[in-house]
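Make a model of the complete structure from these sequences and hints.
Under the working numbering, the residues of the sequence shown are numbered 85 to 396, in order.
Hints are computed from structural coordinates only; laboratory data are not their basis. Incorrect hints may have been included.
[To be verified] Result set (DSS-like, lysine-lysine): computed pairs, CA atoms no more than 30 Å apart in a straight line: (1) K235 - K258; (2) K350 - K337; (3) K263 - K235; (4) K354 - K322; (5) K322 - K350; (6) K262 - K187; (7) K235 - K187; (8) K235 - K354; (9) K322 - K263; (10) K262 - K235; (11) K263 - K337; (12) K350 - K262; (13) K262 - K322; (14) K337 - K354; (15) K322 - K337; (16) K258 - K187.
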Amino acid sequence: LALSLFVALFMSGGDFFNAILNVLVLQFMGSVDQVIINIFIAHVYGEGAVLSLSFTDIIYHFPGANYDAEMAFWDTSDSSLPDVTNVLLSSTTSNAEKWNALKSGRQGLGILGTWPDSHHVEGCRGQPTVASLVLMVDIVQWETMDMDDWKNGLYLAGATNEEWRFRINQVQRKLLLKKYVEVASRFPFSGGVHLNGWGLTAEHAEAIGHIITNSPDLNYINLSDNNFGDAGIEIIAKALGYSTQLTGFTVRKVGMGDRGAEALLKALRKDERVVSNFLELGGNDISEGMLQRMQSEIGDSPYGNPGRGVSL
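Following this line, the structure appears as structure tokens:
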């Protein structure tokens, strides 16, 4: 079965060249000077261009048993797909660590791994763990990227924070966030973010929580006219409780009732800096008693912030 990873290994700033280029050119180039490669790409394709390597459709090989090969691989692994992905996308891990995360059958994706000789299925012992994969090599220029290109989600999955901040403009960020909210949400946002009317649901709540907790320069977020419901608002409120940078939070017409309002109130009680100025709740199914309670508790907060308040 195919494991469509959709995890791009971006070579922004020359990252990971020494490890992977030996595979691509079969040691034809030997030791490669990353600076020279970057200068060459910039000269040919323009400033801001980066080399992108994307591994997709990894098909695992499990001979000797009628069993899901992908499941069998991760059952015997000492790691997990999320952990391996974090290693590959981290800007702090070394080339050697990333290379191991790609090739190892015990701690990585297993592209050069083999099944252990002690495996309980005799037919797979010593056999390769991966039967095939697709390697896509491309030159990426976000400045001129066609936002309708399906590969943008793949490219975005492996982009660095620096690439997000300095090479992907505000208009592109909004489009990418709308189309690939789960992927884009792992990047930091700044200023105000308006996600109102995007058709978001409770399924997107965790991604919204990531934006809130991972964006120290974010000061306002508008989630109005989406269908989060109480379940989604509870997830978002939990993230909100650990964030102290927001001054305003707007959640009008999001299908919220008293349960969601209670979760928001709990988050605001934690610290006066949690939504330090205004919380807008209009158009939801919140009872008058709950609204009065929120206004009373936040307005009479012992933290003594006179500018803080709840409004419809």
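How the hints compare with the structure:
1. The suggested pairing of K235 with K258 holds, with an alpha-carbon distance near 17 Å, which does not exceed 30 Å.
2. A C-alpha spacing of about 20 Å is found between K350 and K337, which places the hinted pair at or below 30 Å, so the restraint holds.
3. The straight-line distance between the Cα atoms of K263 and K235 is roughly 12 Å, inside the 30 Å bound, and the hint therefore holds.
4. A hinted pair counts as satisfied when its Cα atoms are at most 30 Å apart, and K354 with K322 qualifies at roughly 11 Å.
5. Restraint check: the Cα-Cα separation between K322 and K350 comes to about 9 Å, which is no more than 30 Å; the hinted pair holds.
6. A distance of roughly 34 Å separates the Cα atoms of K262 and K187; the hinted pair therefore is violated under the 30 Å criterion.
7. Restraint check for K235 and K187: the C-alpha separation of about 24 Å stays at or below 30 Å, so the hint holds.
8. Only pairs whose Cα atoms come within 30 Å are accepted, and K235 paired with K354 is rejected, the gap being roughly 42 Å.
9. Straight-line distance between C-alpha atoms of K322 and K263 comes to about 24 Å, which keeps the hinted pair within the 30 Å bound.
10. Of the pairs offered as hints, the one joining K262 and K235 holds, with about 15 Å between alpha carbons and a cut-off of 30 Å not exceeded.
11. With a C-alpha separation of about 22 Å, the suggested pairing of K263 with K337 holds against the 30 Å cut-off.
12. For the suggested pair K350 and K262, the alpha carbons sit about 29 Å apart, so the restraint of at most 30 Å is met.
13. Restraint check for K262 and K322: satisfied, since their Cα atoms lie roughly 22 Å apart, inside the 30 Å limit.
14. For the hint pairing K337 with K354, the CA-to-CA distance comes to about 25 Å; that is within 30 Å, so the pair holds.
15. Between K322 and K337 the alpha-carbon distance is near 19 Å, which keeps this suggested pair within the 30 Å criterion.
16. About 35 Å separates the Cα atoms of K258 and K187, which puts this hinted pair outside 30 Å; it is violated.
Of the numbered hints stated above, those contradicted by the structure are hints 6, 8, 16, listed in ascending order.
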